[in-house]
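Visitor: Chain by chain, the residues run as shown.
Protein chains: 6
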Amino acid sequence: MSDLTHFNEHGRAKMVDISGKNETKRIAIAKSCIEMKKAVYENIVEQKNKKGDVLAVAQVAGIMGAKQTANLIPMCHPIPITGVNLQFDWQNQEKENVKLVITAEVKTVGATGVEMEALTAASLAALTVYDMCKAVDKSMVIGPTYLVEKSGGKSGDYKRDQLSE
Amino acid sequence: MSDLTHFNEHGRAKMVDISGKNETKRIAIAKSCIEMKKAVYENIVEQKNKKGDVLAVAQVAGIMGAKQTANLIPMCHPIPITGVNLQFDWQNQEKENVKLVITAEVKTVGATGVEMEALTAASLAALTVYDMCKAVDKSMVIGPTYLVEKSGGKSGDYKRDQLSE
Amino acid sequence: MSDLTHFNEHGRAKMVDISGKNETKRIAIAKSCIEMKKAVYENIVEQKNKKGDVLAVAQVAGIMGAKQTANLIPMCHPIPITGVNLQFDWQNQEKENVKLVITAEVKTVGATGVEMEALTAASLAALTVYDMCKAVDKSMVIGPTYLVEKSGGKSGDYKRDQLSE
Amino acid sequence: MSDLTHFNEHGRAKMVDISGKNETKRIAIAKSCIEMKKAVYENIVEQKNKKGDVLAVAQVAGIMGAKQTANLIPMCHPIPITGVNLQFDWQNQEKENVKLVITAEVKTVGATGVEMEALTAASLAALTVYDMCKAVDKSMVIGPTYLVEKSGGKSGDYKRDQLSE
Amino acid sequence: MSDLTHFNEHGRAKMVDISGKNETKRIAIAKSCIEMKKAVYENIVEQKNKKGDVLAVAQVAGIMGAKQTANLIPMCHPIPITGVNLQFDWQNQEKENVKLVITAEVKTVGATGVEMEALTAASLAALTVYDMCKAVDKSMVIGPTYLVEKSGGKSGDYKRDQLSE
Amino acid sequence: MSDLTHFNEHGRAKMVDISGKNETKRIAIAKSCIEMKKAVYENIVEQKNKKGDVLAVAQVAGIMGAKQTANLIPMCHPIPITGVNLQFDWQNQEKENVKLVITAEVKTVGATGVEMEALTAASLAALTVYDMCKAVDKSMVIGPTYLVEKSGGKSGDYKRDQLSE
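Residue numbers (the working numbering), protein chains in the order written: chain A, 1 to 165; chain B, 1 to 165; chain C, 1 to 165; chain D, 1 to 165; chain E, 1 to 165; chain F, 1 to 165.
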């Protein structure tokens with residue numbers, strides 16, 4: 001456990017200096033989740049069958065959001081992302097509350113990690129699903145949103161058990 | 001319960017036409033939450049005492065994020081936000097896992113609601129807390145993120161019970 | 001025929017003052033077009049059948065691009081867009097060079113027109129198709145891109161014959 | 001001829017992984033064109049003589065647009081552009097319909113090419129000319145817009161004959 | 001003299017609620033200034049004679065910057081700007097240190113003023129002049145930058161004496 | 001003393017080609033300043049004591065602004081910033097007009113310098129202080145804003161005497 005690093009000697013927030021760090025290949029995977037009533041799920045599936053596709057829009061939002069991360073998270077370094085991939089998995093389709101699990105994988109060759117990019121991509125994809133389905137039901141709940149794993153960089157790899165969604 | 005509205009007659013996504021809707025005063029309140037180990041909480045509190053302030057940065061991120069909503073959520077209408085306010089509340093400070101509850105209230109005088117702006121503000125504030133504390137612990141979990149209430153507009157007011165956080 | 005209006009008394013570019021204009025409902029429709037070899041067309045159709053969809057991405061790009069217009073076109077006024085709709089039509093599917101016609105309709109209730117938003121939406125949708133297919137063929141050609149019609153506002157409606165595409 | 005590359009194994013759009021590609025010097029040149037009535041051309045020339053300059057604004061729009069490419073084209077990688085240059089050439093100045101040919105050259109040292117940056121720069125410059133002259137005439141037509149050549153990168157150089165403009 | 005208004009009851013920064021304010025016509029004028037060695041001034045004038053124009057680029061930067069104000073200044077409300085005009089005046093052209101005075105006028109019909117938009121436009125125009133001339137001399141000094149006058153809105157008009165530049 | 005470099009052979013503005021320059025560690029430090037009546041200063045100090053903090057918001061604005069530099073200054077190259085730090089120093093606290101000196105230090109490992117990023121960060125921090133205090137007093141004056149020093153890069157280091165603030 002270390003101290004918070006984003007503060008200067010006056011105690012004020014700063015963007016940490018990473019000038020001395022090497023550029024290495026890095027990957028981060030984050031998950032988010034959105035729970036919705038079965039009726040919303042059925043609308044999404046039905047619309048998909050008619051060529052429209054809520055998840056296609058959410059996927060674009062996640063990918064474009066990954067590229068905006070450093071403009072949204074104040075102390076985040078701008079990083080040249082080299083790849084983004086989002087996956088959607090349905091759970092509990094037979095239950096009253098269906099879950100959509102969103103997995104975002106982001107890659108870079110850079111001097112710092114892409115955890116925030118993966119978390120931002122997953123979050124914005126979930127928010128986009130909410131936006132496109134809120135006319136049907138406003139009670140959808142987003143989360144848990146969390147980092148699943150990261151690799152690359154001096155601080156070492158990180159991997160956690162997936163939360164039961 | 002109505003159908004999904006964000007699709008045109010070819011089944012493709014569109015930004016819904018709100019040209020005919022009246023501009024009225026609208027409010028939306030959303031909540032998000034981030035759970036962290038006690039050590040992270042203590043770091044935040046300690047840093048605050050030294051003049052630095054993770055939550056001050058998160059608050060700016062939430063407010064600026066509210067203004068970016070229509071640039072992040074593809075089918076979201078650009079709306080002239082007239083006010084944003086974020087509140088942070090700590091819970092379970094005596095337990096092993098402490099919770100920070102984030103409440104975002106957004107106001108507009110416009111032709112459509114600001115639910116997405118409130119949800120985006122709360123989400124980005126949570127992501128910013130994650131970013132500034134991830135050097136201490138990467139296992140923080142964000143969510144549940146959800147709409148608490150909205151008022152104004154023809155579709156009527158909405159209010160839900162708060163989730164036990 | 002009038003003079004150029006975007007210049008001040010020193011002859012320098014300015015954003016024209018529209019403070020005195022009334023907010024009225026306005027619509028603009030623009031078209032663009034991208035011509036591609038039959039092989040590219042077949043790839044797009046085949047991918048669509050496998051659930052992927054180049055045009056779904058292009059549609060999101062067009063809608064999000066419409067919202068960015070005032071940030072891209074220097075003298076363009078920021079306008080609260082109230083609706084965006086894009087339509088794709090294939091032509092000459094049996095010929096060697098197939099055409100994809102993109103029609104973008106943008107609406108606002110504002111003090112100036114949305115011609116630039118419609119033209120920008122159509123252009124960015126075409127550029128996105130190019131981007132996603134350029135690994136197959138780089139010789140695709142974009143255009144003609146032009147304003148089809150506009151209505152609303154004091155300068156009166158405008159409608160032109162569609163170009164043979 | 002290869003397949004479309006911007007899709008994952010579920011058939012959904014992704015940003016292609018370029019983590020393994022080398023950073024090399026790359027150049028792309030694109031052209032666009034805008035055709036206008038002689039009266040518009042004469043207005044531009046006359047304004048220029050009075051110190052105002054439509055093309056100076058279009059040039060800035062093209063250069064700034066090149067830097068926005070990855071924020072506009074969803075699957076486009078963010079690339080550190082190292083140079084942008086736009087050139088304007090008038091054609092058919094003696095005819096009823098005058099043409100302005102826009103050539104955009106973009107350079108980078110990066111892991112992928114800058115074709116989209118060059119095409120976006122040329123397109124936005126053309127749209128800016130349209131915007132600043134549309135008070136005189138709305139019937140201007142943009143295009144053909146196309147890639148003239150690219151060099152650098154493993155996929156080899158590309159060069160095409162210029163379209164008769 | 002009133003208290004600072006940008007803080008909520010917890011003492012944290014907020015975007016002030018202006019939902020109840022009327023939309024009125026508002027104008028703000030700000031000035032900035034950049035002082036440079038005579039050699040820089042002569043370069044700018046000489047380049048202008050060769051068709052290039054530092055000030056044309058600065059003017060576009062100022063106008064586009066005015067539109068970005070709410071994305072740059074955290075507590076600033078997004079406002080639909082209805083007009084922007086920048087003027088450049090040279091002073092002391094015969095002295096060792098020449099001054100370029102930049103006057104930015106911004107208009108809106110909105111619920112709050114455009115002082116920040118005018119100050120941001122003038123500042124970014126000055127920074128752009130610095131950028132384009134810094135290869136000649138890095139010792140240029142920007143400022144004083146200040147609000148000259150504002151009108152419209154309930155808080156009344158404001159006008160100050162111009163600083164001796 | 002050299003010529004202006006941001007112009008092509010037609011005399012038009014261009015983004016200078018830096019493809020051939022080496023990526024080296026670079027630092028730039030800029031200063032800005034905002035002068036305010038004692039009453040404004042006292043409000044800021046008092047608010048800080050109540051947990052609110054104008055300077056915390058200004059600091060975030062400066063850091064986020066540094067990341068936006070290439071989107072604001074037309075001919076500026078996009079650079080991967082590796083660190084940003086802002087410092088605030090009060091002067092003349094006992095006099096009628098108190099001064100807040102803002103020092104911004106920006107670092108990169110890149111092919112060109114970060115002078116503009118440092119100047120933009122300092123300027124936007126000053127503008128944010130103005131925004132948050134303008135309800136108390138609109139007569140605050142920003143500047144002088146200038147480059148203090150830069151190091152790294154082929155053109156050599158630069159250091160100037162600090163202006164008497």
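In short, the hints are calculated from the structure, not lab data.
Accuracy of the hints is not assured; some may be wrong.
Identical copies carry no separate label here, and so any pair may be met within one copy or between two of them.
Claimed, not checked - Taking lysine-lysine pairs in the DSS-like style, the calculated list, with each CA pair at most 25 Å apart, reads:
1. K154 with K25
2. K25 with K99
3. K25 with K95
4. K138 with K159
5. K95 with K37
6. K154 with K37
7. K138 with K25
8. K38 with K159
9. K37 with K138
10. K37 with K21
11. K138 with K38
12. K21 with K95
13. K138 with K21
14. K25 with K37
15. K38 with K21
16. K159 with K37
17. K159 with K99
Visitor: Decide, hint by hint, whether the structure agrees.
Guide: Hint check:
no., hint, in the structure
1, K154 with K25, "both (11 Å within a copy, 20 Å between copies)"
2, K25 with K99, "neither (32 Å within a copy, 33 Å between copies)"
3, K25 with K95, "neither (41 Å within a copy, 38 Å between copies)"
4, K138 with K159, "between (33 Å within a copy, 10 Å between copies)"
5, K95 with K37, "within (9 Å within a copy, 33 Å between copies)"
6, K154 with K37, "between (43 Å within a copy, 23 Å between copies)"
7, K138 with K25, "between (40 Å within a copy, 19 Å between copies)"
8, K38 with K159, "between (32 Å within a copy, 20 Å between copies)"
9, K37 with K138, "within (10 Å within a copy, 31 Å between copies)"
10, K37 with K21, "neither (47 Å within a copy, 28 Å between copies)"
11, K138 with K38, "within (13 Å within a copy, 33 Å between copies)"
12, K21 with K95, "neither (49 Å within a copy, 37 Å between copies)"
13, K138 with K21, "between (45 Å within a copy, 20 Å between copies)"
14, K25 with K37, "neither (40 Å within a copy, 29 Å between copies)"
15, K38 with K21, "neither (48 Å within a copy, 30 Å between copies)"
16, K159 with K37, "between (31 Å within a copy, 17 Å between copies)"
17, K159 with K99, "both (23 Å within a copy, 22 Å between copies)"
Figure legend: structure checked against the earlier numbered hints; hints not met, in rising order: 2, 3, 10, 12, 14 and 15.
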